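K.L.:
If you want the building blocks of each chain, they are given just below.
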Amino acid sequence: MSEKDLDSSNVDLLVTIFGSLALALGLLLFLVQEDGTSPVNVAWLIPVFSIVSFVLILLLGSYDPRRGGSIAVIGVGFSSVFSFGVAYDVLINDVTNGGYIESTRIWFGGQTFAFEFGTYIDGLAGLLLLVVGFVSYLVVVFSLGYMVKDGDRQVRYFAEIALFVGVMLGLVIANSFLLMFIFWELVGVCSYLLIGFWYEKPSAASAAKKAFIVTRVGDVFLLLGLVILFNTFGTLRYSELFGDPELLSENAAAVKWATLCIFGGAVGKSAQFPLHVWLPDAMEGPTTVSALIHAATMVKAGVFLVARSYPLIVHSPDTALYIAVTGGVTAFIAASMAMVMYDIKRVLAYSTISQLGYMFLGLGAGAWAVWHAAESGIEIQAQGYTAGLFHLMNHAFFKALLFLGCGAVIHAVHTQDMRKMGGLRKAMPITSTAMGLGVLSIAGVPFFSGFWSKDEILEAVHHNWEAEGIFGALWWLGLLTAAMTAFYMTRLWMMTFSGPAFHEVEEVIPSDDHSDSGNWKVLKKEVKIQAHEAPLVMTIPLMILAFLAVFSGFMVFLGEGFGSVVFYGTPPSSEGPIQWGLLDHILLSSLTYLSVLVGLTGVILGYLFYKRGNDGQTPFSTAFVSDNIVTSNLHTFLSNRMYMARLFDWFGMRTWDTLAMACDWFDRNIIDGIVNGIASITEILSGQVRKLTSGFTGHYASLTIGGLGALVVITRVVFPLMGWSL
Amino acid sequence: MRLFLFLFLVVALVPAASAENHTVIVTQAADSSSYFFEPAVLTVNIGDTVEFVWGNGSHNVAQVSDSESKTYDSGFYSGAPQVGGSWMLPAEYTMDDGTLYYVCQPHALMGMSGSIIVGTGTPPLPDITMEFGDFPWLSYLLVFPLIGSLWILGFRNNPSAPRIIALFTTLFTLGLSIIIFVKAGSGSGFRLMEEYVWAPKLGVSLLLGVDGLSSPMVLLTGIISPLTVLFAWQEKKKPALFFALLLIMQMALFGVFITLDYFVFYIFWEVVLIPMFFLIAIWGGDNKRYASIKFIIYTFTASVVMLVGFMALYFEAGINSFSMIEIAEANAGFNRDFQIWVFAALFIGFAVKIPSVPWHTWLPDAHVEAPTAGSILLAGVMLKMGLYGLMRAAIPVLPLGAEYFVPIMVVLAIVSILYGAALSLGQEDLKKLVAYSSISHMGVALLGVATMTELGFAGAVFMMFAHGILSPAMFMIAGVMLHQVGTRDISKLGGLAGYQPTTAGLFVVIFLGSLGLPGMAVFVAELAVFIAFFQSHGYWLILPIFGMVLTAGYHLWALQRILFGPDSEQVEMNQIHEAPWYEFYPLLIIIIIAAFFGIFPSYLMDPITVACYDILAFMGEV
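First to last, the protein sequences are chains A and B.
The numbers in the first sequence follow this note's numbering, run straight up by one, and end at 726.
The numbers in the second sequence follow this note's numbering, run straight up by one, and end at 622.
Source of the hints: derived by calculation from the structure; they are not laboratory data.
Bear in mind that the values here come from a model prediction, so they are computed numbers and not experimental data.
Accuracy of the hints is not assured; some may be wrong.
Stated by the list, open to error - Now the in silico label distances, taken between C-beta atoms and shown as ranges: (1) PHE338(B) with MET644(A): 52 to 62 Å; (2) ILE599(B) with LEU14(A): 49 to 59 Å; (3) LEU591(A) with ILE599(B): 19 to 29 Å; (4) GLU51(B) with GLU246(A): 56 to 66 Å; (5) PHE596(B) with LEU14(A): 35 to 45 Å; (6) SER725(A) with PRO407(B): 32 to 42 Å; (7) PHE666(A) with LEU150(B): 52 to 62 Å; (8) GLN33(A) with THR129(B): 47 to 57 Å; (9) ARG690(A) with THR129(B): 27 to 37 Å; (10) PHE696(A) with ILE282(B): 47 to 57 Å; (11) ASP150(A) with ILE147(B): 51 to 61 Å; (12) GLN33(A) with GLN575(B): 55 to 65 Å; (13) SER725(A) with TRP341(B): 17 to 27 Å; (14) MET644(A) with PRO407(B): 37 to 47 Å.
Quick reminder that beta carbons are idealized off the backbone N, C-alpha and C, glycines included.
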């Protein structure tokens with residue numbers, strides 16, 4: 001493609017993007033005007049646009065692969081504009097008055113049951129619509145640049161992406177657990193298709209299958225939870241389930257098992273321990289897909305689910321505690337593994353798992369606090385709920401930024417191994433700056449977005465410490481995780497971007513006779529960095545996300561504050577345009593100082609360890625890892641992903657294979673053996689009986705006499721003796 | 001029920017007297033140690049009156065739905081009369097046969113409850129509405145395939161006439177079956193009925209009719225038949241006989257689904273076997289002799305056991321009629337042991353056809369050897385006869401037998417689900433994999449039947465339809481493989497998606513649909529069955545629901561090995577191309593139908609639920 005083509009296609013692209021957005025806005029305003037009410041009433045259109053564009057791409061895409069991208073941008077653009085409309089009305093105009101707006105229809109039903117579908121819009125749905133709509137749209141635009149090299153396959157890519165976004169938006173606005181579950185499964189299928197996008201790679205095909213099956217384990221629990229709820233309360237609609245707290249507390253046991261099962265679904269989808277193994281492998285898909293999965297769709301569905309089930313979870317302290325513990329533990333172990341990975345995408349994958357753990361920690365702590373407060377007879381705002389969702393939003397922005405940036409880097413250097421990178425700062429100024437901002441944000445450096453939400457989560461956990469000791473341990477885990485996060489994210493940035501533009505790379509590779517002797521040899525090669533900045537269609541989304549990654553945290557005190565629109569329980573009182581009280585509370589708290597200190601320590605350590613020198617090497621870290629027996633063993637243990645992936649693979653392959661083989665053997669030899677055995681016995685018997693038909697009159701005569709005699713004996717002697725009668 | 005039968009005898013022996021007045025004392029022990037109605041069980045005749053007289057203590061009388069229930073919901077309610085007062089049960093409650101349960105609301109938990117048995121004690125059987133149509137739609141459904149098959153046999157030497165006639169005939173019957181489905185609607189009872197007396201002395205007649213249970217099956221048969229013909233478009237070996245047999249089979253399948261007479265039902269049931277036997281024996285694979293003989297002997301033996309059951313029903317009912325409706329209406333006279341034995345006989349006949357583990361081994365053999373068209377009809381429609389028969393010919397007539405068999409059905413269903421899925425996981429032959437997955441899916445349907453709830457029944461019928469749509473597609477995929485690369489061996493395949501991306505896309509959607517992807521029909525059925533099973537059996541659900549993971553496992557593993565990964569070196573990859581039109585469109589049509597009913601299940605569920613509710617009402621379960 002020549003430069004001129006690129007220019008003209010850029011103009012086309014701009015026209016498509018802005019034209020479709022303007023058109024969508026026009027349609028939205030028209031519909032609202034017609035209806036005379038709020039965009040909430042047309043919320044059902046949000047997923048429909050994307051799903052229709054999915055069908056259109058499949059129908060029309062075969063003519064021109066570029067058209068797939070345009071249709072996806074238009075379809076997802078319409079969805080996003082409508083999402084914004086709804087989110088604006090809910091979050092800013094507060095049309096729901098802190099409650100919800102629901103529409104419902106019967107999906108199918110009989111005389112004794114009915115299943116409904118429809119939309120349910122509240123603050124939570126509004127927040128997710130905002131995040132998902134926005135991030136997805138940017139990812140789709142970014143993909144236009146990123147996927148060019150894939151030629152005809154773009155059609156399939158954009159079709160699946162459009163469907164992915166559509167079903168995720170559907171999941172957010174569903175009005176019942178059933179409809180939510182339907183979209184939930186579809187989200188899983190889309191991720192299956194996208195992770196396996198490069199299906200000819202065996203690793204991609206297995207990663208896709210693994211993602212689907214591991215999350216399916218969670219889905220089975222979720223379905224079980226829904227079944228319990230339906231059989232206890234006779235409905236799966238949110239408004240009916242949540243509307244009667246007394247009924248919920250009467251059925252505490254059912255609610256407990258149902259919520260635990262529902263959380264099981266979230267564990268699978270959001271890659272929490274021990275079902276986290278699929279997410280790092282899911283990096284086999286295109287990086288944009290990873291960005292979507294990590295920032296906006298798939299894994300956020302689990303967090304959304306827990307937030308959605310809050311009215312149920314607050315009636316079950318066990319579930320709340322279990323959620324918090326799972327979150328805390330996952331956050332910690334995922335962060336520990338992220339510290340040693342060399343694959344840039346894997347580092348980000350583990351960081352996502354870890355950050356999701358944070359969100360669950362916050363949500364669990366909040367739910368437990370609500371339950372505890374209710375026990376003591378006070379109404380409180382669930383701080384953990386707001387904090388967890390605030391982190392969800394901030395994380396969506398900076399993680400999308402990091403993944404897209406990482407995509408731009410991979411796009412430029414054609415490797416994912418950070419050891420082979422370095423010195424990209426000069427070559428990719430926009431990407432490196434944007435990613436740097438993302439790193440500072442996730443590391444929790446003060447005033448970047450991650451700082452506010454992480455701090456709030458830790459505070460919510462710390463708050464529970466007085467009442468329940470285990471939250472103390474979780475708080476320490478959270479704090480440690482914060483340090484580790486700062487460390488490994490700094491490491492990532494330093495290894496990728498710092499250092500000179502030319503450098504020599506040493507690689508340990510198996511020597512030629514490795515299979516015999518087990519020897520390794522060191523290969524030295526000069527690597528020249530040929531990277532260049534990505535095109536505008538890719539860097540502009542990065543810049544927008546970088547802006548948000550820095551400033552989205554300010555929402556916590558600007559306006560009426562984030563907590564006044566996304567809350568559970570009673571909203572906090574407002575103090576005018578800026579929540580000074582909240583700001584004071586955060587900035588003057590000793591907990592904040594502690595977490596800032598911890599975060600900065602991580603950043604500094606990361607800088608010291610992994611700042612590439614003039615030779616492009618990171619001498620300190622290599623020495624630190626290999627010289628000390630503890631650290632080197634720990635490094636091996638963590639590099640092998642704690643051997644969990646291997647255990648799962650072994651369990652998955654070996655046990656089921658053996659079981660299947662055993663069943664197959666049993667079926668062929670025992671069950672079918674009996675069938676064939678009966679047939680053979682019949683054959684043998686008939687062979688014997690056939691001999692009676694010998695053709696000799698004498699034989700027949702004696703058989704006749706003998707048979708008659710036997711009949712007489714049976715009817716006249718045996719029957720009377722036994723007391724039988726004919 | 002035994003109690004009812006005993007009371008029935010008692011009531012029958014007592015000569016009908018004029019309206020009597022009965023009294024129930026509502027009281028408690030002086031030291032408040034016990035609370036009771038005296039008598040706790042009262043038997044009255046229709047039209048009698050009952051007066052409640054208060055002893056000491058403040059009590060009331062409140063009707064409850066059944067003997068277990070402790071809380072007043074609706075019905076009669078006395079209020080709280082003074083000690084020594086009385087209250088008269090309103091007369092309308094003793095006008096019909098039935099049992100009234102009541103409690104004293106404040107003392108229900110202390111066991112203060114009672115019941116009044118009115119007349120026979122059993123509620124009257126709901127009427128089965130029968131609507132005779134003015135146009136013989138259903139006979140046409142039987143006649144047209146028959147004419148078509150005879151017509152085809154006239155073109156024995158023409159290579160393309162048979163398939164054109166077959167396609168024309170099946171499209172025509174598809175139109176008929178859609179009309180019948182629409183006309184059957186979602187009302188209660190049988191529609192479009194026709195009766196042609198055949199052997200009046202024996203009470204055999206060709207009694208045709210459809211309700212919400214059979215109309216989806218008629219629609220399914222109608223949809224699958226033209227697809228089968230299309231898929232066999234390139235059949236070179238004896239095409240006339242091949243397509244004629246397909247049409248005869250279609251006729252017999254329609255016959256099974258629309259007959260309401262045990263005798264004729266049995267005839268159609270057996271007629272189905274014959275064309276299938278020849279399809280396997282003539283057009284089958286290497287081991288066709290073994291497979292076809294195994295198929296016919298196995299299923300025929302089971303049918304004979306079933307026939308014994310039908311005969312027992314005919315003679316026990318003693319009304320000189322084979323009509324399912326009339327025998328069902330006479331079922332109050334069947335005692336429990338009789339019902340159990342007869343149900344056992346019928347269940348064996350139906351379970352072999354479902355097929356349920358351990359009577360399933362004929363199925364993989366038959367599928368592996370059968371030509372693709374045979375497999376499509378076998379998996380798509382023939383397997384549905386078993387569950388259809390169970391719900392049509394066994395359960396409404398033998399409610400006590402069915403109840404007795406619930407635990408057995410549950411165990412067999414769960415074993416079928418898990419064992420079938422585990423077997424699928426271990427198969428290398430794609431057709432065998434699909435065959436075992438059919439066992440697993442039909443296990444889900446059997447589980448739905450075993451719940452004895454409206455939702456479970458509806459889920460089972462929906463599963464029959466959904467599986468009937470999707471499993472033919474799976475066999476078509478196996479057919480496409482065999483056709484293009486000459487093998488169905490999964491381990492020899494790989495990387496096909498690169499050579500036939502569009503077809504591979506269809507394969508992926510069909511596999512996902514079959515594993516229960518929401519938006520496709522199978523999901524609705526699984527959801528309904530699982531919810532219903534939890535309702536009836538609680539946490540045993542964990543076992544069958546775990547089958548979902550296994551199901552996902554074997555589907556995706558097969559997909560990965562066939563379509564994805566590097567190109568296989570064991571087959572000629574450059575032979576692979578997009579599927580031809582006669583294979584492509586059947587697959588696409590199936591996807592569209594499965595998605596339509598997956599997104600709008602109510603079009604099917606409305607008639608199904610009404611029919612299922614009627615069956616349950618007839619059994620007295622709701």
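K.L.:
Report the numbers of all earlier hints that the structure fails to satisfy, in ascending order.
P.N.:
2, 3, 4, 7, 9, 10
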